[in-house]
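J.: These protein sequences, in sequence, are chains A and B.
Heads up, the first sequence is in the working numbering, so the first residue is 1 and it goes up one at a time.
Heads up, the second sequence is in the working numbering, so the first residue is 301 and it goes up one at a time.
Because the hints were derived from the structure by calculation, they are not lab data.
These numbers come from a predicted model, not from an experiment.
The beta carbon of each residue, even a glycine, is placed where N, CA and C say it ideally should be.
Check the hints yourself; a few may be wrong.
[Said to hold, decoys possible] Facing chain B, according to a computed beta carbon distance under 8 Å, are these residues of chain A, among others:
#1 V182
#2 P222
#3 A224
#4 R251
#5 L252
#6 E259
#7 G261
#8 R263
#9 I264
#10 D279
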Amino acid sequence: MPARRHILTLAAGLAGLTLAGPAIAQEKLKVLATFSILGDFVKNVGGDRVEVTTLVGPDSDAHVYAPSPADARKVAEAKVVITNGLGFEGWMSRLIRASGSKVQPIAATKGVKARRAAEAGHGHGEADPHAWQSVANAKLYVANIRDALSAADPAGKATYDANAAAYLTKLDALDRDVKAAVAAIPADRRKIISSHDAFGYFEEAYGIDFIAPQGVSTEAEPSARDVARIITQIKRQKIPAVFLENVTDPRLMNRISQESGARIGGKLYSDALTGDNGDAPTYIDLVRHNIKQIAAALMS
Amino acid sequence: MYDFLIAPFTEFEFMRRALAGTLALALGAGPIGVFLMLRRMSLVGDAMAHAILPGAAIGFLFSGLSLFAMTAGGLIAGCVVALLTGLVARMTELKEDAALATFYLLSLALGVTIVSVKGTNIDLLHVLFGSVLALDDQTLLLIAINATITLVVLALIYRPLVIECVDPGFLRSVSRAGAPAHLAFLGLVVVNLVSGFHALGTLLAVGIMMLPAATGRFWARDITLMTLIAAASGVFSGYVGLLLSFHTGVPSGPAIILVAGALYVLSVLFGKVGGLVTQTLPKRHLEA
Numbered sequence: 001m002p003a004r005r006h007i008l009t010l011a012a013g014l015a016g017l018t019l020a021g022p023a024i025a026q027e028k029l030k031v032l033a034t035f036s037i038l039g040d041f042v043k044n045v046g047g048d049r050v051e052v053t054t055l056v057g058p059d060s061d062a063h064v065y066a067p068s069p070a071d072a073r074k075v076a077e078a079k080v081v082i083t084n085g086l087g088f089e090g091w092m093s094r095l096i097r098a099s100g101s102k103v104q105p106i107a108a109t110k111g112v113k114a115r116r117a118a119e120a121g122h123g124h125g126e127a128d129p130h131a132w133q134s135v136a137n138a139k140l141y142v143a144n145i146r147d148a149l150s151a152a153d154p155a156g157k158a159t160y161d162a163n164a165a166a167y168l169t170k171l172d173a174l175d176r177d178v179k180a181a182v183a184a185i186p187a188d189r190r191k192i193i194s195s196h197d198a199f200g201y202f203e204e205a206y207g208i209d210f211i212a213p214q215g216v217s218t219e220a221e222p223s224a225r226d227v228a229r230i231i232t233q234i235k236r237q238k239i240p241a242v243f244l245e246n247v248t249d250p251r252l253m254n255r256i257s258q259e260s261g262a263r264i265g266g267k268l269y270s271d272a273l274t275g276d277n278g279d280a281p282t283y284i285d286l287v288r289h290n291i292k293q294i295a296a297a298l299m300s
Numbered sequence: 301m302y303d304f305l306i307a308p309f310t311e312f313e314f315m316r317r318a319l320a321g322t323l324a325l326a327l328g329a330g331p332i333g334v335f336l337m338l339r340r341m342s343l344v345g346d347a348m349a350h351a352i353l354p355g356a357a358i359g360f361l362f363s364g365l366s367l368f369a370m371t372a373g374g375l376i377a378g379c380v381v382a383l384l385t386g387l388v389a390r391m392t393e394l395k396e397d398a399a400l401a402t403f404y405l406l407s408l409a410l411g412v413t414i415v416s417v418k419g420t421n422i423d424l425l426h427v428l429f430g431s432v433l434a435l436d437d438q439t440l441l442l443i444a445i446n447a448t449i450t451l452v453v454l455a456l457i458y459r460p461l462v463i464e465c466v467d468p469g470f471l472r473s474v475s476r477a478g479a480p481a482h483l484a485f486l487g488l489v490v491v492n493l494v495s496g497f498h499a500l501g502t503l504l505a506v507g508i509m510m511l512p513a514a515t516g517r518f519w520a521r522d523i524t525l526m527t528l529i530a531a532a533s534g535v536f537s538g539y540v541g542l543l544l545s546f547h548t549g550v551p552s553g554p555a556i557i558l559v560a561g562a563l564y565v566l567s568v569l570f571g572k573v574g575g576l577v578t579q580t581l582p583k584r585h586l587e588a
């Protein structure tokens, strides 16, 4: 036993040395993020020291994601697994078990004040996982990711701290810009309809009312009663704009818009970034794009 | 009463559209279902629905939620499978059911492969489960055109179709219309499933085809009457299903099919022709 422990200590020491040695071409820290927005955060904090893979890529809906064997391999190879938490990735624990990996997933939403999905309509009283829609929460994500990366790769702590600090400054600026844009919209026009109530945190943080024709999950099919209520509500409350989204049925939105007279705003991005050529290849682009669309639709 | 039964449709345009869509759908699909049932092909509708699904999915991948691409994809996939099935069944030892099973499974596997190779897991189910509440002008027009084509073609091939249901040997001895009529009929099945999937989604489209047909079977022995009853019970299911969805908040597609299912269960029990309860009632004696 003692001999074996010595060997282990030696091995660990050697590993530490190789990591610490600046001259040695560095083995990148393999980090797995469950979906594209988290992946973007990890890239910004990790910089060159990490290699990020995501399970649910750009333009894909994490609500209906089904893991494939290739994904189990990605999990098995990862040293750090970052999840959103708050029940967003219901499949994650099973996937980790299936992959045979010993890694403990780290929830980026640690410390976020979770809101109940039920507040936004006919949810199920579970936590609303879409916390990243508030930039203040995104800053918590970044801090959690920074700590997770530093814990897994202590040698890179300084880099991670510096990267995170720079990124947090950018997020602060973003937060201020969004608040300024909202302040410019007349108070009685700060309400829109969107096909997916993923914007609960955005709503709380910036004071724009999002009214959705569906429950929190894209799995629920709207009934005739839901649609009728939405149309009646738009007419009665004179809601100026209806927004489409990149993950749910746009045909239904068109119908509602035509029948209620609300104008169709541009696309809002909620759960997924777009590809590099899209409107929202990064998180900051995503938020800027969304607020620009919202402001444009509500100002006129 | 007016508020409950009529007002939802006068007040909301989407309800009127949904009603018009299901109405047109039921008119075409009901009779088709009756013939499928009489030819002992009741499960063919279901198999065909799976066969058109990949075509529609491929159409969707290439040009998004475009009505044209998805319709064309579905029609092509469905017609190819229908044609191959018909040909193989008539020219080889394989029977129709086995031929269809092989081709629809192949089509399904091919579709799923293409979709996953293409990579985005954007909610295909959401797309393929059409929404009867979101029918736009184009889709409505498509459904109406399909229903019209169905009824006209059905009228043209009605005679050989009926004879083939009853006595295929006789038809073969007097006419060569059997094979073309059969293929045209399979084509109609595909057309109806495609227009059904825009409104109800692939799986439920089969429901509005088969359930009213089975209902019709319990009320009439005459084929013409049977098709009329099938179409009527489909229309009724559409209307009641939409009302149900409007007043109770259940999803509208399934609501329509559930109403059709309830009609079917009632018919199984109380149908004039061979209903379970009806059979046990004492029959009127023939008097000389």
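J.: Could you run down the list of hints and mark each one as holding or not?
T.: Going down the list of hints, with the structure as the test:
| no. | hint | result |
| --- | --- | --- |
| 1 | V182 | 30 Å, violated |
| 2 | P222 | 7 Å, holds |
| 3 | A224 | 4 Å, holds |
| 4 | R251 | 4 Å, holds |
| 5 | L252 | 4 Å, holds |
| 6 | E259 | 5 Å, holds |
| 7 | G261 | 11 Å, violated |
| 8 | R263 | 17 Å, violated |
| 9 | I264 | 13 Å, violated |
| 10 | D279 | 16 Å, violated |
The structure fails hints 1, 7, 8, 9 and 10 (numbered hints given earlier, in ascending order).
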